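Read in my numbering, the sequence shown has 254 at position 68, and its numbers run on one by one without any break.
Hints are not guaranteed to be accurate.
Computed Cβ-Cβ distance ranges for the label pairs, DEER-style [stated by the list, open to error]: (1) E316 to A195: 22 to 32 Å; (2) R256 to A195: 17 to 27 Å; (3) A195 to E360: 16 to 26 Å; (4) G322 to G203: 19 to 29 Å; (5) S296 to A247: 16 to 26 Å; (6) H309 to G203: 10 to 20 Å; (7) Q285 to N209: 13 to 23 Å; (8) F356 to A247: 13 to 23 Å; (9) M251 to A357: 29 to 39 Å; (10) H305 to Q226: 45 to 55 Å; (11) G320 to T260: 19 to 29 Å; (12) T306 to L223: 37 to 47 Å; (13) H192 to T306: 24 to 34 Å; (14) R312 to D201: 30 to 40 Å.
Dumping the calculated BS3-like pairs for lysine-lysine here, alpha-carbon to alpha-carbon at most 25 Å [what the hints assert, rightly or not]: (15) K262 to K323; (16) K302 to K354; (17) K302 to K262; (18) K262 to K284.
Hints are computed from structural coordinates only; laboratory data are not their basis. Source: prediction; values computed, not measured. Note that beta-carbon positions come from the ideal geometry of N, C-alpha and C, so glycine has one too.
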Amino acid sequence: VRRAIHLIAEQPFADRGLFLEVNLSGRAFNDPELLPLIEQEFAATNINPATLVFEITETAAIENMVDAQRFITTLKGMGCRFGLDDFGIGFSSFSYLKQLPVDFLKIDGSFISELKHNHTDQHLVRAMVEVARGLGKQTVAEFVGCEETVQLLSNYGVDYAQGHHIGKPFAISEIDTYSEIS
Numbered sequence: 187v188r189r190a191i192h193l194i195a196e197q198p199f200a201d202r203g204l205f206l207e208v209n210l211s212g213r214a215f216n217d218p219e220l221l222p223l224i225e226q227e228f229a230a231t232n233i234n235p236a237t238l239v240f241e242i243t244e245t246a247a248i249e250n251m252v253d254a255q256r257f258i259t260t261l262k263g264m265g266c267r268f269g270l271d272d273f274g275i276g277f278s279s280f281s282y283l284k285q286l287p288v289d290f291l292k293i294d295g296s297f298i299s300e301l302k303h304n305h306t307d308q309h310l311v312r313a314m315v316e317v318a319r320g321l322g323k324q325t326v327a328e329f330v331g332c333e334e335t336v337q338l339l340s341n342y343g344v345d346y347a348q349g350h351h352i353g354k355p356f357a358i359s360e361i362d363t364y365s366e367i368s
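Could you put the whole structure together from the sequences, leaning on the hints where they help?
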């Protein structure tokens with residue numbers, strides 16, 4: 187997290203409407219030093235917290251939901267955003283959605299990669315989007331590989347897409363070579 191904050195401080199993220207996403211496992215919420223560290227780094231670098239987005243992964247379970255809620259609420263109050271990464275594949279996806287004040291769901295790529303050919307995935311993605319909409323959350327689709335998938339996702343109401351069809355990953359040092367980044 188410290189490195190991400192310093193990368194943001196070194197690059198013109200806010201001026202370009204860009205943000206950096208950082209994954210947090212459930213274990214991170216158990217670390218009593220993480221929130222104070224983030225607050226100190228924000229103060230030291232003077233970055234706009236809105237340029238830092240946290241994605242919660244299910245690599246480790248969240249042991250204390252109250253602490254996790256407090257952590258998220260505190261950083262959201264500063265301007266950070268939070269999402270649930272790889273939504274739909276973990277045992278706790280809907281429980282986390284119910285209990286954590288996240289801003290978006292990142293629909294796992296396993297539902298997206300074969301979307302144009304798989305009716306089950308199509309129904310599940312539409313259902314996830316409907317649930318997200320009903321709860322006031324945005325949606326992001328991972329692994330978007332072709333224009334046909336983009337069209338399906340657009341028809342379903344997915345807010346954002348990421349994948350090789352949209353743009354290939356690049357090093358932060360190459361940020362100035364891209365005139366338009368989505």
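Hint check:
1. E316 to A195: 22 to 32 Å: violated (39 Å)
2. R256 to A195: 17 to 27 Å: holds (26 Å)
3. A195 to E360: 16 to 26 Å: At 18 Å between Cβs, range holds.
4. G322 to G203: 19 to 29 Å: holds (22 Å)
5. S296 to A247: 16 to 26 Å: Since S296 and A247 have Cβ atoms about 20 Å apart, the given range 16 to 26 Å holds.
6. H309 to G203: 10 to 20 Å: Since the Cβ atoms of H309 and G203 sit about 34 Å apart, the hinted range of 10 to 20 Å is violated.
7. Q285 to N209: 13 to 23 Å: holds (19 Å)
8. F356 to A247: 13 to 23 Å: Taking Cβ atoms as reference, F356 and A247 lie about 33 Å apart, which means the hint is violated.
9. M251 to A357: 29 to 39 Å: holds (37 Å)
10. H305 to Q226: 45 to 55 Å: holds (50 Å)
11. G320 to T260: 19 to 29 Å: With Cβ atoms ~26 Å apart, the hint holds.
12. T306 to L223: 37 to 47 Å: holds (43 Å)
13. H192 to T306: 24 to 34 Å: violated (43 Å)
14. R312 to D201: 30 to 40 Å: With Cβ atoms ~37 Å apart, the hint holds.
15. K262 to K323: This hinted pair holds, its Cα atoms lying about 14 Å apart.
16. K302 to K354: Roughly 21 Å separates the two Cα atoms, so the pair holds.
17. K302 to K262: violated (36 Å)
18. K262 to K284: holds (17 Å)
The structure is inconsistent with the numbered hints 1, 6, 8, 13, 17, although it conforms to all the rest.
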